[in-house]
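Listed in order, the protein sequences are those of chains X and V. Its first residue numbered 144, the first sequence is counted upward by one per residue in my numbering. Its first residue numbered 144, the second sequence is counted upward by one per residue in my numbering.
Be aware that a few hints might be false.
DSSO-like, lysine-lysine: derived pairs with alpha carbons at most 27 Å apart [what the hints assert, rightly or not]: (1) 332(X) x 332(V); (2) 295(X) x 332(X); (3) 214(X) x 332(V); (4) 293(V) x 287(X); (5) 221(X) x 355(V); (6) 286(X) x 332(V); (7) 344(X) x 221(V); (8) 355(V) x 355(X); (9) 191(V) x 355(X); (10) 344(X) x 332(V); (11) 151(V) x 344(X); (12) 332(V) x 287(V).
To be clear, the hints were calculated from the coordinates, so they are not data collected in a lab. Please read these numbers as outputs of a predicted model, since none were measured by experiment.
2 protein chains.
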Amino acid sequence: MSNTVFYKDTFTKISEEKKDIVFTVAIAEFAAMGYNATNINTIAQKAKISIGSLYSYFESKEDLFLAMAEKGYELLNKALAELHPEEGTVFEVIERLLHIAFAYAEKHTDFCRIYLDLSTEGLSHLSERLTENVETSYVHVYKKLLAAAKAKGEVRADLDVDMAAFFLDNIVVMLQFSLASSYYRSRIKLYLGEDYAQDRKRIIAGLMRIVKRSFS
Amino acid sequence: MSNTVFYKDTFTKISEEKKDIVFTVAIAEFAAMGYNATNINTIAQKAKISIGSLYSYFESKEDLFLAMAEKGYELLNKALAELHPEEGTVFEVIERLLHIAFAYAEKHTDFCRIYLDLSTEGLSHLSERLTENVETSYVHVYKKLLAAAKAKGEVRADLDVDMAAFFLDNIVVMLQFSLASSYYRSRIKLYLGEDYAQDRKRIIAGLMRIVKRSFS
Numbered sequence: 144m145s146n147t148v149f150y151k152d153t154f155t156k157i158s159e160e161k162k163d164i165v166f167t168v169a170i171a172e173f174a175a176m177g178y179n180a181t182n183i184n185t186i187a188q189k190a191k192i193s194i195g196s197l198y199s200y201f202e203s204k205e206d207l208f209l210a211m212a213e214k215g216y217e218l219l220n221k222a223l224a225e226l227h228p229e230e231g232t233v234f235e236v237i238e239r240l241l242h243i244a245f246a247y248a249e250k251h252t253d254f255c256r257i258y259l260d261l262s263t264e265g266l267s268h269l270s271e272r273l274t275e276n277v278e279t280s281y282v283h284v285y286k287k288l289l290a291a292a293k294a295k296g297e298v299r300a301d302l303d304v305d306m307a308a309f310f311l312d313n314i315v316v317m318l319q320f321s322l323a324s325s326y327y328r329s330r331i332k333l334y335l336g337e338d339y340a341q342d343r344k345r346i347i348a349g350l351m352r353i354v355k356r357s358f359s
Numbered sequence: 144m145s146n147t148v149f150y151k152d153t154f155t156k157i158s159e160e161k162k163d164i165v166f167t168v169a170i171a172e173f174a175a176m177g178y179n180a181t182n183i184n185t186i187a188q189k190a191k192i193s194i195g196s197l198y199s200y201f202e203s204k205e206d207l208f209l210a211m212a213e214k215g216y217e218l219l220n221k222a223l224a225e226l227h228p229e230e231g232t233v234f235e236v237i238e239r240l241l242h243i244a245f246a247y248a249e250k251h252t253d254f255c256r257i258y259l260d261l262s263t264e265g266l267s268h269l270s271e272r273l274t275e276n277v278e279t280s281y282v283h284v285y286k287k288l289l290a291a292a293k294a295k296g297e298v299r300a301d302l303d304v305d306m307a308a309f310f311l312d313n314i315v316v317m318l319q320f321s322l323a324s325s326y327y328r329s330r331i332k333l334y335l336g337e338d339y340a341q342d343r344k345r346i347i348a349g350l351m352r353i354v355k356r357s358f359s
């Protein structure tokens with residue numbers, strides 16, 4: 144299943160360089176300001192194209208925003224390709240997952256900001272237009288991984304796979320949000336202290352202890 | 144420590160009934176639309192007051208929004224007063240906490256929507272104006288509770304209190320978000336199925352199993 148395409152044919156015909164400029168500018172604006180406060184004229188100006196050109200690439204601000212969300216979703220799927228859920232024990236896989244999630248949030252902070260914005264009630268008319276989203280891609284990976292681990296006896300026999308998958312995703316989401324906005328950055332420092340909050344290894348080790356204890 | 148006051152003196156002088164109307168309308172608008180898409184004229188209209196009166200109560204749309212956030216914060220503190228962190232075992236307290244968090248999210252869904260919005264990067268200029276927020280009130284409760292449980296030997300001796308408190312808050316935040324927006328409501332159904340996702344008791348029981356295993 145794939146999403147609707149949110150750009151027009153015209154957009155596929157421009158140079159990769161020009162595409163990159165439009166994406167880079169739009170992502171930065173939407174991430175910093177939020178969807179509603181972003182001005183599509185500012186995006187055109189900063190990308191050094193006319194507003195007419197921008198509308199010839201994207202039907203509306205909505206479509207431009209959703210095209211950006213889709214781009215982030217592609218990058219996430221690319222990052223998840225490094226998960227190799229069949230290699231090693233379930234806990235090795237989960238540890239790789241946390242590293243991937245953390246690295247994604249650090250490298251693609253702007254996309255995490257866009258996703259956080261997209262999850263608010265005010266933007267539900269937009270998130271509803273995505274037939275596929277970050278969640279659908281994760282949910283299957285998690286459930287399959289945990290069901291296989293249960294069959295192999297790597298986790299306890301009475302593990303509730305659905306609840307464990309939900310719990311695992313909560314950890315991933317909160318880890319990514321913790322880097323995604325000033326609000327969550329302050330929050331994690333409040334809990335873990337300035338140094339700890341910046342120590343990726345320590346955070347992942349702490350979370351892995353929790354995951355191992357609750358799944359074993 | 145208390146927040147700055149976000150309303151003007153004039154607001155304290157109007158009837159409780161009139162105050163309630165302004166609050167009810169403003170909360171519903173901000174929650175459904177998000178801060179940026181909310182029109183302060185619409186709030187005045189729906190509350191059946193002039194825009195001049197509204198500005199005589201609140202300096203700006205920003206202040207009105209922050210006054211609403213503060214109201215939610217007061218209600219949450221009121222709800223947390225039922226926690227009684229000194230009564231019963233640490234796991235009984237945590238179970239009460241999850242029930243309180245769930246009940247708050249069901250009863251005050253609109254406030255959860257406002258908090259979700261407030262946590263986005265685009266609204267960091269607003270969240271920074273709150274000297275105190277939901278997080279500061281929770282962080283102390285959690286750390287104190289877990290440190291006391293450690294001293295009493297109710298949790299394992301090597302429990303990392305900071306990480307455990309952060310982990311506990313992640314559960315509470317995700318539980319509240321799961322009810323706060325259409326996006327998260329779809330997500331929880333994707334993980335737990337239509338029936339399970341609506342079964343408060345089952346969700347809390349599932350989370351308690353995870354908490355007990357990881358803290359014991």
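To see whether the hints hold, each was checked on the structure:
no., hint, verdict
1, 332(X) x 332(V), "violated, 31 Å"
2, 295(X) x 332(X), "violated, 38 Å"
3, 214(X) x 332(V), "holds, 25 Å"
4, 293(V) x 287(X), "violated, 36 Å"
5, 221(X) x 355(V), "violated, 35 Å"
6, 286(X) x 332(V), "holds, 14 Å"
7, 344(X) x 221(V), "violated, 38 Å"
8, 355(V) x 355(X), "holds, 13 Å"
9, 191(V) x 355(X), "violated, 57 Å"
10, 344(X) x 332(V), "violated, 32 Å"
11, 151(V) x 344(X), "violated, 48 Å"
12, 332(V) x 287(V), "violated, 34 Å"
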